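Number of protein chains: 2
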Amino acid sequence: MHIRILFVLLFAPLIATAQSGDVAADPDRLEQRIQKLGEFGTNPEGGVSRVAFSDADIAGRNYIKDLMRAAGLSVRVDTAGNIIGRREGSEEGLPPIMFGSHIDSVPGGGNYDGDVGVIGAIEVAQLMYERGIATRHPIEVVSFTDEEGGLTGSRAMIGHLTDAALDVISHSGMTIRDGIRHVGGDPDRLDLAVRQPGDLKAFVELHIEQGAILYEEEIDIGVVEGIVGIRWWDVTIEGFANHAGTTPMNRRWDAMVTAAELTLAINRIATELPGRQVATVGKIQALPGAPNVIPGEVVLSLEIRDLESAKIQKVFDLIRAEADQISDARSTPIRFHEVDVASPPAPTDDQMRRIIAASADELGMSFRLMPSGAGHDAQDLATIAPTGMIFVPSVDGISHSPREFTSARDMANGASVLLKTVLAIDDGALE
Amino acid sequence: MHIRILFVLLFAPLIATAQSGDVAADPDRLEQRIQKLGEFGTNPEGGVSRVAFSDADIAGRNYIKDLMRAAGLSVRVDTAGNIIGRREGSEEGLPPIMFGSHIDSVPGGGNYDGDVGVIGAIEVAQLMYERGIATRHPIEVVSFTDEEGGLTGSRAMIGHLTDAALDVISHSGMTIRDGIRHVGGDPDRLDLAVRQPGDLKAFVELHIEQGAILYEEEIDIGVVEGIVGIRWWDVTIEGFANHAGTTPMNRRWDAMVTAAELTLAINRIATELPGRQVATVGKIQALPGAPNVIPGEVVLSLEIRDLESAKIQKVFDLIRAEADQISDARSTPIRFHEVDVASPPAPTDDQMRRIIAASADELGMSFRLMPSGAGHDAQDLATIAPTGMIFVPSVDGISHSPREFTSARDMANGASVLLKTVLAIDDGALE
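In the order they appear, the protein sequences are chains A and B.
First residue of the first sequence? That's 10 in the working numbering, and the numbers climb one at a time after it.
First residue of the second sequence? That's 10 in the working numbering, and the numbers climb one at a time after it.
Bound conformation, chain A alone:
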């Protein structure tokens, strides 16, 4: 309880007048909609493979548009393919408060990553609509395009979606450029999707934690301090392809063996260094890739994340130093090519954190400050608007997996905090 006491002492005076009578989100409705959304792209393991631009994604998007309309929102798709449901405010000329997340998934993903934020945002709009809660500011509920493929929609919204990114082949098989067109956007007019600093009053994203901190500590709400930075390298190990039968063990330059040693080194360095950094080899290819040929080349992915850029660099430097040793010892050169998808650490807005914390506290929920280990559209929006993020617990911390799970109660907690946060912002809590 010391966190809450601390909060009351520090932050309570900043909070504007409370809304008359707290409106709570409906856990059953949230659960029912999450399940329904999960039918689009359902996979045999019980999760979804609803990669952006796929038929399943389009079916899910149509479902979301219908829900938005039923919540009294007028729906449009911007040129980046982002679905935006808007309700006007009661005062002329105020910038909109935007909130939402995404509904695309990784291949073999679950039903909660992104979905909870979109369904939760629609719940907030629907509660306002049903209870006749007016807001001074317009509200905009957003479902961003292709979050999992590189924050495509939010990156376009801040004007940072590059031509190179548009040419990337997405999991759908289409380039992102074609995918955007396929979902109703116009990749040639992405300028029309851009929001400038000042265009939005604030942005708030509700999301599952995707880690186990809230779940294990039995805390209701995570107030996100910031989103960790990510850097990503393609690592190429050069060996010598040769006949697996005629080449004795001591005459091999086996790129696969070097890759194995490097993978273990990466894991060890990230594990042993104090701190919360992570490093992952998620993808690997051996060439030519036949059981009877010693791999002449292996390409693998290296991803490093931390809340501080300097720490990411330090982890990488340690890995590269060890790679040099391995490469020398095995006479198989190792090259690191950084892929231009780096996102710097993105701290959230300090006032937004306080408003979210106050909202949770006033609703009688426990909460804690925490980093986000995952990337989110919020990190892009943070560059143009005061941004906050609300986390709810992930059971066992499982994510990007069919076993991803967040309870209806926790989803409702998150949506209730989101509603209270939006209303507090609308009511002047954000200066």
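Keep in mind that the hints are not guaranteed to be accurate.
Treat identical chains as interchangeable: a pair holds within one or across any two.
[Unchecked claim] Calculated lysine to any residue pairs in the SDA-like style (CA-CA distance at most 20 Å, straight line):
no.	residue 1	residue 2
1	320	257
2	45	35
3	323	257
4	320	330
To be clear, the hints were calculated from the coordinates, so they are not data collected in a lab.
Because the structure is a prediction, the values reported are computed rather than measured.
Knowing the structure of chain A, use the given hints to seat chain B on it.
Same frame as chain A, but now just chain B:
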């Protein structure tokens, strides 16, 4: 020199009377013919892509038939498409001595794999023809059909070419069945191509080593002890797919890290165990295979080869025992699924080895016993006739590549040993 002294002590008494005056193969003629053969299916890198049943293969086959006729052989194509050039012997009723190899290549192959054995065998026949060397036994020079596609011709010759194999689509785009028909065989009457045990006096195959042992040790001739057996497993490592950003290092069940540890163990076990066994991880896939997802599953190939089945089993048992430890320590199960492509070790005939060794020795060439790490038509013939194999050096051990190279001198050495071997067999050295 200790090898030669040992040989003289052990084997010399078994050798029959030496041929009067050793006849040597002509390196220039061999080189010129290898180059000419290389024009059929030549690829931009300077090797050949003369896959079986292709137009290039047919052109090459016609060239071979012409050479056989010029060497005084009567040429026929058996129902499996094998080209057989025969000369009768001086004694009635003796079984033929067969020797030869293949002229088809892998895609992107070189000019020596198989070709040296066929051109060398024709050289032997031509030398006999030119010098008027009669033999008691008939001789048959063979160019086997589609060695690279699964020992097609030799498998048919021993009656083991299955219907399933005939239905396989070869690199030519044709099924093997259609390919056999295309080169003048009759896949419906493969029974006519079969040789029974006792039908052949012996089979000898001259071939490039495809490894670097002879080249690096500067030895002229390899006396093949046998063709190694091959077993192959698909190995599945079960981890737990999770978000690479939100999952702390100490809460991961990362199938990729386990795969890395296993790969190093496989390499170490095969390297440290005394003997010439090899074990290779040539293929790997991480699932779902995204840079931002901890792999929940990794599938890799494990191939083990040795001259002895028991040794293959021993290497596998050691790997499996270590896999069990790794799997326990990392809480990521490892499963081995054997793929049904095993070929058992095919030892060559002991007397044949001695005859080949004696022939090399008497010609003043250095030689050594060695296994063949690659598969050859000889392994099929070994099941129906006393079989021997003669290896000549491959520069740098490179094979299945346009960079494959064997010098004219080495080719001529091989052909000279082949001639002497055939004559020794004919003369009664093989009981």
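Here is how each hint holds up against the structure:
In this assembly of identical chains, residue 320 and residue 257 lie within 20 Å of each other by CA distance solely across copies; the values are 15 Å between and 42 Å within a copy. Taking identical chains as interchangeable, the C-alpha atoms of residue 45 and residue 35 lie at most 20 Å apart only when both belong to the same chain, with a minimum of 16 Å there against 80 Å between chains. With identical chains, the CA atoms of residue 323 and residue 257 are at most 20 Å apart between copies only, with a shortest distance of 18 Å across copies and 38 Å within one. In this homomeric assembly, residue 320 and residue 330 come within 20 Å of each other (Cα to Cα) only inside a single copy, at 15 Å, whereas the closest approach across copies is 39 Å.
Figure legend: structure checked against the earlier numbered hints; every hint is met.
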